[in-house]
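K.L.:
Residue-level listing of the chains:
There are 2 protein chains.
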Amino acid sequence: MSAHDTGADAGAGGRRDAEATRAAILRAVRWFLARQPHADITLKAVAERAGVSPPLVLKYFGSKEALFARVLSFESDADALLGAPLDRLGHHMVRHVLETQRHDGTDPVLRIAFAPLHGDSGDVLRANFHAQVIDRLAQRLTGPDAGLRAELALAVLLGFGVMYGIARGPAMRESGTDDLVARYGPLVQAQLTPDAG
Amino acid sequence: MSAHDTGADAGAGGRRDAEATRAAILRAVRWFLARQPHADITLKAVAERAGVSPPLVLKYFGSKEALFARVLSFESDADALLGAPLDRLGHHMVRHVLETQRHDGTDPVLRIAFAPLHGDSGDVLRANFHAQVIDRLAQRLTGPDAGLRAELALAVLLGFGVMYGIARGPAMRESGTDDLVARYGPLVQAQLTPDAG
Numbered sequence: 001m002s003a004h005d006t007g008a009d010a011g012a013g014g015r016r017d018a019e020a021t022r023a024a025i026l027r028a029v030r031w032f033l034a035r036q037p038h039a040d041i042t043l044k045a046v047a048e049r050a051g052v053s054p055p056l057v058l059k060y061f062g063s064k065e066a067l068f069a070r071v072l073s074f075e076s077d078a079d080a081l082l083g084a085p086l087d088r089l090g091h092h093m094v095r096h097v098l099e100t101q102r103h104d105g106t107d108p109v110l111r112i113a114f115a116p117l118h119g120d121s122g123d124v125l126r127a128n129f130h131a132q133v134i135d136r137l138a139q140r141l142t143g144p145d146a147g148l149r150a151e152l153a154l155a156v157l158l159g160f161g162v163m164y165g166i167a168r169g170p171a172m173r174e175s176g177t178d179d180l181v182a183r184y185g186p187l188v189q190a191q192l193t194p195d196a197g
Numbered sequence: 001m002s003a004h005d006t007g008a009d010a011g012a013g014g015r016r017d018a019e020a021t022r023a024a025i026l027r028a029v030r031w032f033l034a035r036q037p038h039a040d041i042t043l044k045a046v047a048e049r050a051g052v053s054p055p056l057v058l059k060y061f062g063s064k065e066a067l068f069a070r071v072l073s074f075e076s077d078a079d080a081l082l083g084a085p086l087d088r089l090g091h092h093m094v095r096h097v098l099e100t101q102r103h104d105g106t107d108p109v110l111r112i113a114f115a116p117l118h119g120d121s122g123d124v125l126r127a128n129f130h131a132q133v134i135d136r137l138a139q140r141l142t143g144p145d146a147g148l149r150a151e152l153a154l155a156v157l158l159g160f161g162v163m164y165g166i167a168r169g170p171a172m173r174e175s176g177t178d179d180l181v182a183r184y185g186p187l188v189q190a191q192l193t194p195d196a197g
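Residue numbers (my numbering), protein chains in the order written: chain A, 1 to 197; chain B, 1 to 197.
It is worth saying that the hints were derived from the structure and are not from the lab.
Note that this is a predicted model, so its numbers are computed, not measured.
Careful, some of the hints might be misleading.
[To be verified] Away from chain A, derived, C-beta distances all over 12 Å, residues of chain B:
no.: 1; residue: ASP17
no.: 2; residue: GLN36
no.: 3; residue: HIS38
no.: 4; residue: ARG95
no.: 5; residue: THR106
no.: 6; residue: ASP123
no.: 7; residue: PHE129
no.: 8; residue: HIS130
no.: 9; residue: ASP135
no.: 10; residue: ALA138
no.: 11; residue: GLU151
no.: 12; residue: ALA153
no.: 13; residue: MET163
no.: 14; residue: GLU174
no.: 15; residue: PRO186
no.: 16; residue: THR193
[Claimed, not checked] Which bits of chain A does chain B cover? Going by a derived footprint, with three or more residues having C-beta under 8 Å, they are:
no.: 17; segment: 20-33
no.: 18; segment: 49-56
no.: 19; segment: 70-81
no.: 20; segment: 126-139
[Said to hold, decoys possible] The list that follows gives simulated cross-link-like pairs (lysine to any residue, SDA-like), each with its CA atoms no further than 25 Å apart:
no.: 21; chain 1: B; residue 1: LYS64; chain 2: B; residue 2: GLY83
no.: 22; chain 1: B; residue 1: LYS44; chain 2: A; residue 2: GLN36
no.: 23; chain 1: B; residue 1: LYS44; chain 2: A; residue 2: ARG35
no.: 24; chain 1: A; residue 1: LYS44; chain 2: B; residue 2: LYS64
no.: 25; chain 1: B; residue 1: LYS44; chain 2: B; residue 2: THR100
no.: 26; chain 1: A; residue 1: LYS44; chain 2: B; residue 2: ALA47
no.: 27; chain 1: B; residue 1: LYS64; chain 2: A; residue 2: GLY83
no.: 28; chain 1: B; residue 1: LYS44; chain 2: B; residue 2: ALA69
no.: 29; chain 1: B; residue 1: LYS59; chain 2: B; residue 2: ARG88
no.: 30; chain 1: A; residue 1: LYS64; chain 2: B; residue 2: LYS44
no.: 31; chain 1: A; residue 1: LYS64; chain 2: A; residue 2: GLN139
Ideal placement from N, C-alpha and C gives every residue a C-beta, glycine not left out.
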């Protein structure tokens, strides 16, 4: 992948750096995936919506399949989301979701809330979420019902992103980060280390 | 509204009763609202997707605007969701979401997770969710930060529906209703009556 965009494909907004272009391409794929079957989405349409040329999409992502796999994967998101010791992981997860919501308008796991209930991309997204997020979290937990507790911890976390980013709860959006993490982190943590309370 | 459909508008599936027809019409409206602006959706298209005639839609819902208001409202859903005394409301909410998920494949508040971030129907849905669900719950709470606590309680609840109904967490789906309510109800209840713990 190229470290810098030459700017030749930039739209009316002027020069964009490579990171913004990559983000625009990923957003365009997500936009289409929420609206039509995987197989019907063309590279040309993705490029057009992202305001770049099809060759630039290939330069950044290699192939249409590699681009889609990237969009449907939670692998790198899970690295950041789960990157804390278990005894304070709940707070870290809430802080990470809140900070990415405030910075990017979405968060590392919220995509699963948009997974279509039918069709190939929904099934791939769900399978990836199970393997790359739920199972990975469950493997770090000790004690009984680790799988169920991992799901409930992630349920609590997903609700935070839905209420903040989609329902846009006004009191949440006005609250400070530390206050929200202090209130909500324990709800996630209680599933991870139920005996620590 | 007619108590019985004559069956004259029924599709290939054979006779439908009025309730199923009404549900099919509401599903059709939701399907379109997830895909195109409110103003672009015609009664004819809704009727066609629901497998009924446009006059039958009018017979059941009165007008296109009344039909849309019904789809975008949480009023009757909130009646059922919030219909329990405050000291056990958290458990009631979780049980109600779980039972409607198991029975209908969706729940009374999950629609907000599909609210488009831009456009008229998303804004109406969000405004209704704030007034008809968040504010209504907040008004029943005592103590400080009632608005924020109502949002956090609903965040926890929304996550339950997303994990169960969309992400389809396998351990949750295999668990018994009473076990899930006993585990998850206290997380909602803790926001409603924080001093009762």
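K.L.:
Now tell me if each hint is right for this structure.
P.N.:
Against the structure, the hints:
1. ASP17: holds (25 Å)
2. GLN36: Violated: least Cβ distance 10 Å, not greater than 12 Å.
3. HIS38: The claim holds: HIS38/B sits with its nearest Cβ about 16 Å from chain A, beyond 12 Å.
4. ARG95: holds (15 Å)
5. THR106: Its Cβ does come within 12 Å of chain A, the nearest being 9 Å, so this is violated.
6. ASP123: violated (10 Å)
7. PHE129: violated (6 Å)
8. HIS130: Per Cβ check, HIS130/B is inside 12 Å of chain A; nearest 7 Å; violated.
9. ASP135: ASP135/B is in fact no farther than 12 Å from some Cβ atom of chain A, at 10 Å.
10. ALA138: Since the minimum Cβ distance to chain A is about 8 Å, ALA138/B lies within 12 Å and the statement is violated.
11. GLU151: violated (4 Å)
12. ALA153: Contrary to the label, ALA153/B does not stay out of reach of chain A, its closest Cβ about 10 Å off (not over 12 Å).
13. MET163: Non-interface label on MET163/B violated, nearest chain A Cβ at 4 Å vs cutoff 12 Å.
14. GLU174: With a cut-off of 12 Å, GLU174/B comes too close to chain A, as the shortest Cβ separation is near 8 Å.
15. PRO186: Violated: least Cβ distance 9 Å, not greater than 12 Å.
16. THR193: THR193/B is indeed farther than 12 Å from all Cβ atoms of chain A, at 15 Å.
17. 20-33: violated (count 0)
18. 49-56: Since three or more residues must qualify, the claim that chain B covers the segment 49-56 of chain A is violated, with 0 doing so at under 8 Å.
19. 70-81: violated (count 0)
20. 126-139: holds (count 4)
21. LYS64/B - GLY83/B: Violated: LYS64/B and GLY83/B sit about 30 Å apart, past 25 Å.
22. LYS44/B - GLN36/A: holds (22 Å)
23. LYS44/B - ARG35/A: holds (21 Å)
24. LYS44/A - LYS64/B: Since the Cα atoms of LYS44/A and LYS64/B sit roughly 37 Å apart, the hinted pair is violated (cutoff 25 Å).
25. LYS44/B - THR100/B: violated (30 Å)
26. LYS44/A - ALA47/B: Outside the cut-off at roughly 34 Å; violated.
27. LYS64/B - GLY83/A: violated (50 Å)
28. LYS44/B - ALA69/B: holds (17 Å)
29. LYS59/B - ARG88/B: violated (40 Å)
30. LYS64/A - LYS44/B: violated (37 Å)
31. LYS64/A - GLN139/A: Not satisfied, since the Cα-Cα distance of roughly 32 Å exceeds 25 Å.
Consistency note: the structure conflicts with the earlier hints numbered 2, 5, 6, 7, 8, 9, 10, 11, 12, 13, 14, 15, 17, 18, 19, 21, 24, 25, 26, 27, 29, 30, 31.
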